[in-house]
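K.L.:
If you're matching them up, the sequences are chains A and B in order.
Counting from 0, one number per residue, gives the positions in the first sequence under numbering that gives the first Met the number 0.
Counting from 0, one number per residue, gives the positions in the second sequence under numbering that gives the first Met the number 0.
Quick caveat, the hints were computed from the structure, so don't treat them as lab data.
Cβ atoms here follow ideal geometry from the backbone N, Cα and C, with glycine treated the same way.
You can trust all of the hints, since none of them are fake.
Stretches of chain A that chain B covers, calculated by requiring three or more beta carbons in the stretch to come under 8 Å of a beta carbon on chain B:
no.: 1; region: 30–39
no.: 2; region: 78–91
no.: 3; region: 142–150
no.: 4; region: 161–167
no.: 5; region: 170–183
Listed below are the residues making up each chain.
There are 2 protein chains.
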Amino acid sequence: MSLRNAVMAALLDGESSGYDLAKAFDASVANFWICTPQQLYRELDRMETDGLITARTVEQERRPNKRLFSLTATGREELTRFTAAQHKPTAIRDELLVAVLAADSGDVEAVKASIRERKQWAEAKIQRYERLRAKLLGGLDEEEFLATAERVGPYLTLLRGLSFERDNVRWCARSLTVLERRGARLDTSP
Amino acid sequence: MSLRNAVMAALLDGESSGYDLAKAFDASVANFWICTPQQLYRELDRMETDGLITARTVEQERRPNKRLFSLTATGREELTRFTAAQHKPTAIRDELLVAVLAADSGDVEAVKASIRERKQWAEAKIQRYERLRAKLLGGLDEEEFLATAERVGPYLTLLRGLSFERDNVRWCARSLTVLERRGARLDTSP
DNA sequence: CTCGCATACTCAACTTGTTGACTAGGTCGA
DNA sequence: TCGACCTAGTCAACAAGTTGAGTATGCGAG
Numbered sequence: 000m001s002l003r004n005a006v007m008a009a010l011l012d013g014e015s016s017g018y019d020l021a022k023a024f025d026a027s028v029a030n031f032w033i034c035t036p037q038q039l040y041r042e043l044d045r046m047e048t049d050g051l052i053t054a055r056t057v058e059q060e061r062r063p064n065k066r067l068f069s070l071t072a073t074g075r076e077e078l079t080r081f082t083a084a085q086h087k088p089t090a091i092r093d094e095l096l097v098a099v100l101a102a103d104s105g106d107v108e109a110v111k112a113s114i115r116e117r118k119q120w121a122e123a124k125i126q127r128y129e130r131l132r133a134k135l136l137g138g139l140d141e142e143e144f145l146a147t148a149e150r151v152g153p154y155l156t157l158l159r160g161l162s163f164e165r166d167n168v169r170w171c172a173r174s175l176t177v178l179e180r181r182g183a184r185l186d187t188s189p
Numbered sequence: 000m001s002l003r004n005a006v007m008a009a010l011l012d013g014e015s016s017g018y019d020l021a022k023a024f025d026a027s028v029a030n031f032w033i034c035t036p037q038q039l040y041r042e043l044d045r046m047e048t049d050g051l052i053t054a055r056t057v058e059q060e061r062r063p064n065k066r067l068f069s070l071t072a073t074g075r076e077e078l079t080r081f082t083a084a085q086h087k088p089t090a091i092r093d094e095l096l097v098a099v100l101a102a103d104s105g106d107v108e109a110v111k112a113s114i115r116e117r118k119q120w121a122e123a124k125i126q127r128y129e130r131l132r133a134k135l136l137g138g139l140d141e142e143e144f145l146a147t148a149e150r151v152g153p154y155l156t157l158l159r160g161l162s163f164e165r166d167n168v169r170w171c172a173r174s175l176t177v178l179e180r181r182g183a184r185l186d187t188s189p
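Model the full assembly from the supplied sequences, consistent with the hints where possible.
P.N.:
Structure follows, in structure tokens:
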């Protein structure tokens, strides 16, 4: 039920096609939620039959037609109800952490390589987030922006995504150091 | 397929019952993975038929019998293969973030209450993690521990869970400040 | 002039994760 | 001695998320 609400929150910015939403859920909304296009299209259909969104087909020349979705009054109410509900805490659920947990009796070199790769990925993501942030701020400094913007939600969630990735980078660096030092010790001690 | 590997990683510490694993996945392994007992029992059955683990039934007086699971050689190989594989990055996927994204047009007071609640929850979790950490270190300081411990995986993943929750606390505090300042402004400006 | 990528989707099958209820004895505090 | 909680699970049904393939057109680079 949460993807539904994430989609509705995304539609607060105005109408959007499934395709655009898919891109958003792979880029900007992705600071805290991700999903595949398939999941989106399926959910959009359901939401339409449930009356939470309406679609308007736009005929395009030289491009496939697209359906632009927007929130209905019912959808808006639903979303408000959701904001008022309780929200369960989440865990990280990261495969890389499972690999690190098992690294001592697994392929340590491969795990180190995975950590390095992840670190780079996270650094790239931070770059993207920073660009997005600059765009959101639109030249204002943070205080000004927060005081005058119509919506602060997107900015706050972006901050969360940003700090998550920064944290990832720090943890990757720390873990690499530990595993490398350990490798050196194990190589020389026996 | 990742729960499988998480379970195998948990069994590296020695044999364990489904029930104990369930508690672990709600407490210690929970620094980065969670699951319900039902999911575990189902997965344990499958893993047994796949030959990754073996069960040994222990008859108990005054208690229901239990089945203690341990890794087989095949399971160990599988796990090593997993550590050598590539791991997809994850996103946070937190309902609270969806609520914050939509807060501007939803029930701001309720969202603030949710953030406060989450902050407390995260602080409590940090306490638990710190106790676990002290237990893992067993009186040694971090450097000593990392140099001498048989396994560092559990410690590294614990660190990740810890920093995730610390980050949550910081973000909650920041978001509350922003939303409160904004509430004050909106109350007085119109 | 072909290859690959971008737009804009659809369909089917599968795996994971969630929810709620049920069994059944033991222990512990009020 | 009653009710609540702990141990140690099982079963069923459903919701959510993943994977892979297919359709059709347009555009630009090599």
